[in-house]
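6 protein chains.
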Amino acid sequence: MIEANLDDQTGEGLGYVMDVLLEAGAYDVFYTPIQMKKNRPATKLTVLGNVAEKRALTQLILKETSTIGVRYQTWHRTIMKRHFITVETPYGAVQLKVATYDGVTKQTPEYADCARLAQQFHIPLRTVYQAATVAAAQLNEED
Amino acid sequence: MIEANLDDQTGEGLGYVMDVLLEAGAYDVFYTPIQMKKNRPATKLTVLGNVAEKRALTQLILKETSTIGVRYQTWHRTIMKRHFITVETPYGAVQLKVATYDGVTKQTPEYADCARLAQQFHIPLRTVYQAATVAAAQLNEED
Amino acid sequence: MIEANLDDQTGEGLGYVMDVLLEAGAYDVFYTPIQMKKNRPATKLTVLGNVAEKRALTQLILKETSTIGVRYQTWHRTIMKRHFITVETPYGAVQLKVATYDGVTKQTPEYADCARLAQQFHIPLRTVYQAATVAAAQLNEED
Amino acid sequence: MIEANLDDQTGEGLGYVMDVLLEAGAYDVFYTPIQMKKNRPATKLTVLGNVAEKRALTQLILKETSTIGVRYQTWHRTIMKRHFITVETPYGAVQLKVATYDGVTKQTPEYADCARLAQQFHIPLRTVYQAATVAAAQLNEED
Amino acid sequence: MIEANLDDQTGEGLGYVMDVLLEAGAYDVFYTPIQMKKNRPATKLTVLGNVAEKRALTQLILKETSTIGVRYQTWHRTIMKRHFITVETPYGAVQLKVATYDGVTKQTPEYADCARLAQQFHIPLRTVYQAATVAAAQLNEED
Amino acid sequence: MIEANLDDQTGEGLGYVMDVLLEAGAYDVFYTPIQMKKNRPATKLTVLGNVAEKRALTQLILKETSTIGVRYQTWHRTIMKRHFITVETPYGAVQLKVATYDGVTKQTPEYADCARLAQQFHIPLRTVYQAATVAAAQLNEED
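Chains F, Z, U, B, W and C, in that order, give the protein sequences. So for the first sequence, the working numbering puts the first residue at 1; every next one is plus one. So for the second sequence, the working numbering puts the first residue at 1; every next one is plus one. So for the third sequence, the working numbering puts the first residue at 1; every next one is plus one. So for the fourth sequence, the working numbering puts the first residue at 1; every next one is plus one. So for the fifth sequence, the working numbering puts the first residue at 1; every next one is plus one. So for the sixth sequence, the working numbering puts the first residue at 1; every next one is plus one.
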């Protein structure tokens with residue numbers, strides 16, 4: 001995890017930086033609103049990435065943002081095992097991510113599929129998620 | 001109430017603007033963290049001021065910040081009646097704001113007095129507040 | 001809508017106030033993190049209520065919080081028509097709120113029912129929601 | 001201004017809704033983090049739009065989000081007059097928005113131009129902004 | 001410390017999860033508003049707990065929330081020594097937590113006691129705190 | 001990095017604490033809005049400081065704030081090398097911080113200089129920054 005506090009960069013610039021960091025291979029990038037000295041509303045940048053990418057991500061943050069320093073912390077992670085299944089909804093096929101770990105199993109419709117179908121059929125995103133949830137339940141019953 | 005969404009100004013610049021607006025006579029100025037389009041972490045500026053100051057405050061906001069527009073809304077207000085009393089604490093005199101309205105009475109030690117004494121005696125701010133609270137209670141008992 | 005900026009009340013006190021205001025009949029109460037002058041992290045209290053309750057809610061806010069003033073604004077509202085239906089899930093009956101307006105219809109499982117069943121069966125809240133979503137879909141098909 | 005408090009919609013769903021509302025012609029859409037009853041972290045949706053679009057935007061919000069109600073408030077606005085000029089930087093042409101109002105004049109490099117050139121030349125966004133600022137200063141000197 | 005970023009769970013669901021984690025023995029649970037990619041307003045879950053509970057808390061987070069991964073970090077802690085004393089206020093007995101460490105001593109009225117008395121006597125929470133503060137000061141004087 | 005969650009201290013008190021900690025030699029102090037149990041809006045205090053100052057900063061946090069415990073984490077840091085240059089603007093001299101690291105070079109006008117000139121000439125802070133940016137560009141050209 002790499003972090004930097006940014007009080008001399010615009011929101012416009014920060015929106016740009018998020019894209020640059022994700023394209024460069026960061027696992028995840030997120031912003032937290034913070035309050036710094038001298039009445040400054042500011043933003044904390046957090047970048048999650050592979051340890052092997054540490055130098056490249058640091059260089060990128062120092063190049064693209066206004067900060068003159070970053071800080072690092074190693075976190076350990078537990079990630080559920082994932083595979084994908086496809087279900088048929090009235091609007092078309094939707095992939096579901098099936099995640100399993102230590103007796104826990106979760107199925108989540110893939111956002112990209114649902115968003116695409118919602119736009120194509122001019123229906124709410126919620127409707128596609130619900131259709132995928134119903135289709136997944138029927139699939140599980142048949143098993 | 002005057003508001004503007006700011007996504008192209010730095011936190012450093014916003015800290016400066018708060019001071020400028022308060023010196024110009026705004027009743028109150030505060031910042032709210034918001035999230036705007038294109039992944040931009042941004043800040044909403046809210047300025048409370050006298051209706052008669054509307055044009056001057058607008059001019060100042062447009063001059064000092066990056067926004068190209070502001071929006072206005074009139075809010076009605078209920079403000080408690082206030083007077084000040086002074087109590088003696090072991091660290092010196094502290095003013096209390098006494099606020100009354102519709103059967104409600106509240107006493108609050110003045111921040112500036114408490115902060116000054118805390119620094120002078122190298123004691124926590126909390127200790128001065130508590131001393132002022134105790135002194136106020138004794139005063140009320142004597143009445 | 002009644003609002004007040006609070007920079008001299010603790011979070012502990014604010015948690016208490018939310019309960020008091022909801023019990024007194026406010027439609028809704030929510031908190032927004034704001035940043036006030038002198039480097040103060042603060043909280044904006046917003047209370048939504050019936051216009052007829054304005055004086056009672058004002059009195060309550062002034063009594064229970066540290067603020068010495070509140071501000072008011074009238075907002076107009078559009079509220080969807082609602083009725084409730086009950087569906088049977090493998091875990092028991094769950095009410096669904098059916099909301100309709102201008103060609104839009106939405107069904108939402110009631111939180112209280114789902115939370116109760118999740119606790120009773122030691123299953124995730126998500127599982128009960130999904131079961132209710134599936135049951136609602138089957139009901140709609142039968143219509 | 002149309003607002004709704006959302007405590008039963010995912011962040012994923014909210015990212016989608018922002019796009020839908022902006023495509024439908026809303027002037028601006030932004031999110032504010034709020035805290036609702038029952039320990040719920042929630043999001044306030046604010047949509048700024050033309051009064052003539054009120055019904056269409058309401059219908060869209062009720063259709064696409066989980067809320068069962070929205071609230072409205074009319075704000076007055078002051079918007080600076082704007083025109084665009086083009087300056088030549090070492091990286092190519094950049095448009096500047098020139099905004100004027102009541103004796104105030106501001107020039108801001110257009111984000112889209114700067115972002116495009118930054119990506120094309122593999123340089124920080126900041127470098128393009130600075131180049132545009134310098135080019136604009138030279139232009140003003142020549143006038 | 002266990003953390004997870006949640007962009008596909010509702011606020012309603014997060015309110016439920018806080019209760020579940022606290023009941024399961026987490027020391028503390030808190031939410032931070034964050035902003036994730038694709039314009040998603042999201043929530044960071046932070047759980048503080050005993051290292052021995054790490055697996056159980058992980059299992060619970062993966063089961064009850066929508067995340068497919070969590071991250072861990074060990075923090076060292078300094079906790080003040082605590083004992084409780086009871087003071088008599090005009091409204092009844094109130095416990096005070098007395099915390100000491102390295103020359104620092106603090107007394108804090110217990111929230112649960114103050115809240116109970118405030119509700120019983122229909123007085124502001126602040127009034128009970130102040131009464132407890134005054135009673136504690138008298139106790140200290142008598143020592 | 002030292003952190004503490006504060007739900008029983010006022011914003012007023014937190015503004016005071018920030019000053020106290022910075023004066024005591026903390027590198028940086030910032031606040032993050034968080035949401036704690038029992039519907040409490042709260043604030044996370046983060047203090048960055050030298051490891052050698054750990055005990056002194058801990059003592060100060062426990063003395064000046066309401067928390068009864070703090071937690072620690074060591075972060076590694078990469079800080080750019082810095083030196084200062086002075087440029088002449090139409091409003092007077094402004095220092096620029098020049099930061100370099102691994103092929104990256106950034107120049108930033110010093111806030112204190114810009115703020116002082118903006119106030120002296122009654123011009124926006126932005127105008128001084130832009131003048132300093134232009135002056136720096138001319139300096140670089142002459143090199």
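Note that these hints are calculated values from the structure, not bench results. It is possible that part of the hints are untrue.
[Said to hold, decoys possible] Just a few of them, taken from the derived set where beta-carbon distance is under 10 Å, the chain B residues facing chain U:
| # | residue |
| --- | --- |
| 1 | D8 |
| 2 | I34 |
| 3 | M36 |
| 4 | K38 |
| 5 | A42 |
| 6 | G49 |
| 7 | V51 |
| 8 | T58 |
| 9 | T67 |
| 10 | T78 |
| 11 | K81 |
| 12 | Q130 |
Here a beta-carbon is modelled for each residue, glycine too, at the ideal position from N, C-alpha and C.
List, from low to high, the hint numbers that the structure doesn't satisfy. Hint check: 6, 7, 10, 11 and 12 fail, others pass.
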